[in-house]
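Following the numbering used here, the numbering of the sequence shown begins with 7 at its first residue and continues without gaps.
Source of the hints: derived by calculation from the structure; they are not laboratory data. Treat the hints loosely; a few may be bogus.
[Unchecked claim] Taking lysine-lysine and the DSBU-like style, the derived pairs with C-alpha atoms no more than 35 Å apart in a straight line are: (1) K874 / K824; (2) K384 / K440; (3) K172 / K400; (4) K939 / K862; (5) K845 / K700; (6) K494 / K275; (7) K338 / K275.
These numbers were taken from a predicted model, which means no experiment stands behind them.
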Amino acid sequence: MHKWFVGVALFSLAGCSQFATQSESPVLPQGVTFVEQLKADPTADTPVIPYQKYRLANGLTVILHEDHSDPLVHVDVTYHVGSAREELGKSGFAHFFEHMMFQGSENVGDQEHFRLITEAGGTLNGTTNRDRTNYFETVPANQLEKILWLESDRMGFLLGAVSQRKFEIQRSTVKNERAQRYENRPYGLVYEQIGEALFPRTHPYSWQTIGYVEDLDRVDVNDLKAFFLRWYGPNNATLTIGGDIDAAQTLEWVNQYFGSIPRGPEVAKPSKQPVTLDQNRFMTLEDNIQQPMLLMAWPTSYNGAEDEASLDLLSRVIGGGKNSLLYQDLVKTGEVVDAGAFHDCAELACTFYVYAIGQSGDKGNLNTLRGKVTGILKGLEQRGVNTKELNEIKGTVEASAIFGLQSVSGKVSQLAAYETFYDDPSYLKTELGKLRAVTTDSMEQAYMRYLKGHPSVTLSVVPKGRPELQAAVPNYEPAPRIIPEHKKMSEAELQKQMRIAKDDFDRTVMPQPSSPVEAVMPSLYRFELANGIKVLGTEFRETPTVELQLVVPAGRRFEPAGKDGLARLTASMMEEASQKSTAEALSSRLDTLGSTIGFTAGQYGTVISVTSLTKNLPQTLAILEERLFHPAFNADDFARVKQQALEGIIYEHQQPSWLAAQATREVLYGGTTFSRPPEGTKASLEAITLGDVKAFYSRYYTPNGADIAVVGDIDQAQLTPQLGFLASWQGQPAPVYQTPALPERNSQTVWLVDKPGAPQTVVRLVRQGLPYDATGELYQTQLANFNLAGNFNSRINLNLREDKGFTYGAGGYQSGGKEVGLSVFYAQVRADASLASVKEFLAEMQRIATEGVTDKEMDFMRLAVGQKDALNYETPGKKAQLLGQILTYSLPDNFVETRNDIAASISKAEINELAAKWFNPDDYQIIVVGDAKTLQPQLKTLGRPVKRLTPAL
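Please work from the sequences and hints to get the whole structure.
As structure tokens, this is what we get:
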């Protein structure tokens with residue numbers, strides 16, 4: 007389901023398109039053509055994102071969206087090229103090229119793109135999917151010209167900086183990404199398998215965006231350059247800029263930096279390619295999992311088709327939420343761990359998915375499960391879709407449209423996508439109109455057209471060596487891949503395609519930022535309820551929404567010994583039935599209002615999160631009151647939730663990242679509450695009773711020690727009476743926690759966790775650290791870590807990723823809670839680079855501990871940290887996070903200002919002293935998760951003790 011983002015000038019759903027004529031357009035730079043302008047109309051009921059659209063002589067489409075609420079800008083360059091444009095035998099090229107676009111251009115040095123934006127206090131990234139590739143940055147508004155210079159340089163002046171070495175490094179990085187995200191994670195290869203079965207080999211959706219390793223190995227740097235020349239012309243791109251901008255000045259800069267880039271080859275819109283199947287296809291994938299998974303897929307239409315919205319909403323009825331058919335008939339009955347449905351829609355073709363994850367062991371027979379799933383779908387024919395269900399879904403959609411007002415980046419991304427795929431940045435009106443027009447009849451027609459009696463692909467994912475659990479004997483094997491003979495492109499052929507830009511200014515000179523922007527801390531208000539609950543709030547008038555977080559002292563640290571996971575289990579039970587209503591009735595009421603209420607247990611407390619439209623806050627808080635004060639704690643609900651928790655830890659504990667995290671807890675805090683897995687262990691969960699849940703709720707769900715943070719379109723006077731039900735709440739005294747003595751590790755040890763056959767190894771270096779402080783030694787140590795492992799251009803990441811090609815990413819952090827903290831350096835590396843990676847970590851840490859940082863690194867840190875605040879308070883979520891910190895740690899309101907002063911004034915000598923104290927590698931324990939059989943002999947050569955560790959499961 008898409009998100010809908012609307013203009014920040016609209017304080018309700020009001021707003022519609024009013025297109026300006028040519029005569030209304032501003033005076034434009036030469037070579038810039040005005041196309042259209044969309045304004046807000048507060049008298050209409052359809053949300054829009056106001057924008058101005060222009061086109062340069064070279065075909066570049068430019069969209070501007072003004073939003074002066076925060077001193078920031080978001081820039082997005084979307085190229086209409088994804089993996090669907092790739093040639094047979096050259097899969098993964100679009101994504102591979104995304105990586106290359108960050109490797110410097112003719113006027114921007116290696117790794118400078120990341121450094122310059124980080125230094126400016128900004129964030130950046132790029133993403134590739136089947137149909138497009140986009141590059142985006144969010145920066146303080148005074149950095150806009152620099153960003154346009156950077157983006158234009160890699161659009162028009164990239165190839166001169168592309169080298170064979172960069173090509174080889176990024177090829178290794180992409181392989182590491184594939185291993186980390188696909189091959190070394192549970193169920194990681196399911197969509198590759200499904201794609202090969204759904205689509206013929208000639209269809210561009212038959213391969214995944216990440217591509218096949220053999221294709222990446224087959225090509226050379228000239229193939230990559232040819233891909234750029236074919237698809238990365240300005241006439242195949244949309245530049246979208248939103249935020250605190252001056253439109254006239256922005257257009258001048260755009261024309262200056264992008265206008266001279268020559269037009270590329272013409273790019274036609276791709277033809278739609280929906281597919282059909284001639285019969286049911288069954289496939290089986292044996293994986294390193296314990297819970298079998300059933301995944302069924304039906305081909306449907308394409309992005310923008312008239313029935314797309316009906317299919318989207320149909321998927322919600324079948325498998326979206328507690329009132330869905332799959333949840334009611336499979337999840338609530340305890341037959342499966344999880345089940346759902348979704349409609350995955352892309353430019354050329356769409357797919358309707360239904361999935362179910364069975365329980366571990368023999369209960370997860372997928373043949374039986376498939377029969378139940380198909381029976382549920384057949385039952386939809388007799389049952390139909392009712393108006394109540396449809397209205398609930400539409401309530402959620404309407405609320406999503408309003409919540410979309412909160413982010414400039416979200417609005418810019420939608421404008422860019424609508425222009426790329428529909429040539430219409432205002433397509434939101436059409437899309438939302440189609441959703442509003444969905445009826446029960448149209449959903450049932452979509453079901454009949456694509457699902458009933460139509461063949462599907464069924465993929466059974468079973469534990470290795472357990473094919474008897476599959477849904478059916480496989481009857482389909484994808485045809486062999488079509489791999490045309492690879493013809494190397496010569497330099498002469500490449501030169502014929504080259505495009506040379508000619509400027510009338512010196513492009514080697516990087517633009518300097520305009521006057522510094524001032525980030526304004528939100529104005530805060532405070533008060534206490536009659537029972538002592540502290541309330542901290544700030545107003546946010548850009549959207550008619552409210553976000554409220556109530557934190558009660560029901561944290562994991564208060565769990566009795568042997569009952570690990572009790573806090574989470576109790577939080578899950580709070581989302582079930584109340585004494586007055588079923589869980590389904592509560593969910594239905596929330597969906598109709600477009601509101602959410604969630605319970606999340608943490609180390610120190612349980613966070614109760616509420617989101618609501620301002621107009622619906624009283625009804626939403628009434629549901630909160632019912633859930634908070636009157637939980638039913640039904641035995642049947644408890645049995646199901648407990649079983650789901652047991653199955654959940656089986657899934658979690660398969661993942662290398664979890665094994666590394668739990669090993670860290672046990673090595674650093676063994677024998678204390680801090681060493682326990684947050685979700686519990688099999689033994690501890692099995693020991694928890696419904697009585698334990700009731701007792702934990704009775705003792706720790708108390709107003710004493712509770713706090714509330716509120717951000718939204720409401721002031722203190724309006725809020726206070728609505729919190730009356732909380733003001734009269736009485737409960738147990740605030741709990742007191744006694745910090746246990748922590749274990750000491752006097753010598754360095756290598757702790758080896760076995761993950762047999764793992765294609766990658768997780769490496770961590772860890773030590774105990776400091777408790778949280780906002781402005782003291784912990785914060786200052788974080789500043790010292792910034793250049794070692796705290797950003798993309800840090801020493802460790804550049805070494806392991808960009809220089810050696812060992813990993814998809816490496817870094818480090820220092821964090822602290824109320825009593826304890828830790829320092830961690832981490833990477834997930836190629837299995838054959840495990841030992842070398844550990845040595846590089848040790849060497850980099852030793853170097854900074856003994857030699858310290860350079861003057862250049864000090865300047866980089868000061869600029870990057872000092873500029874970030876312009877981005878920190880844009881959305882209610884970010885504001886709520888700030889308020890939560892202040893409440894949790896009793897911080898002064900001006901702590902952010904104090905931190906900025908420290909970053910600006912801390913000396914190089916102080917940074918070096920901290921580095922020597924905290925980054926000495928000899929003080930760290932080494933944790934390695936991978937194939938122990940091959941790793942243990944290698945790790946012994948480090949000269950440290952190597953001990954096997956099996957984390958608590």
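Hints, verified against the model:
The hinted pair formed by K874 and K824 meets the criterion: a straight-line CA distance of about 25 Å does not exceed 35 Å. Straight-line distance between C-alpha atoms of K384 and K440 comes to about 26 Å, which keeps the hinted pair within the 35 Å bound. Our distance criterion of 35 Å between C-alpha atoms is broken by K172 and K400, whose separation comes to about 49 Å. Annotation: proposed proximity of K939 to K862 is violated, straight-line Cα distance about 44 Å (limit 35 Å).
Distance check on the hinted pair: K845 and K700 sit about 50 Å apart at the alpha-carbon level, beyond 35 Å; violated. The suggested pairing of K494 with K275 holds, with an alpha-carbon distance near 28 Å, which does not exceed 35 Å. Our distance criterion of 35 Å between C-alpha atoms is broken by K338 and K275, whose separation comes to about 45 Å.
In this structure, the earlier hints numbered 3, 4, 5, 7 are contradicted, and the remaining ones agree with it.
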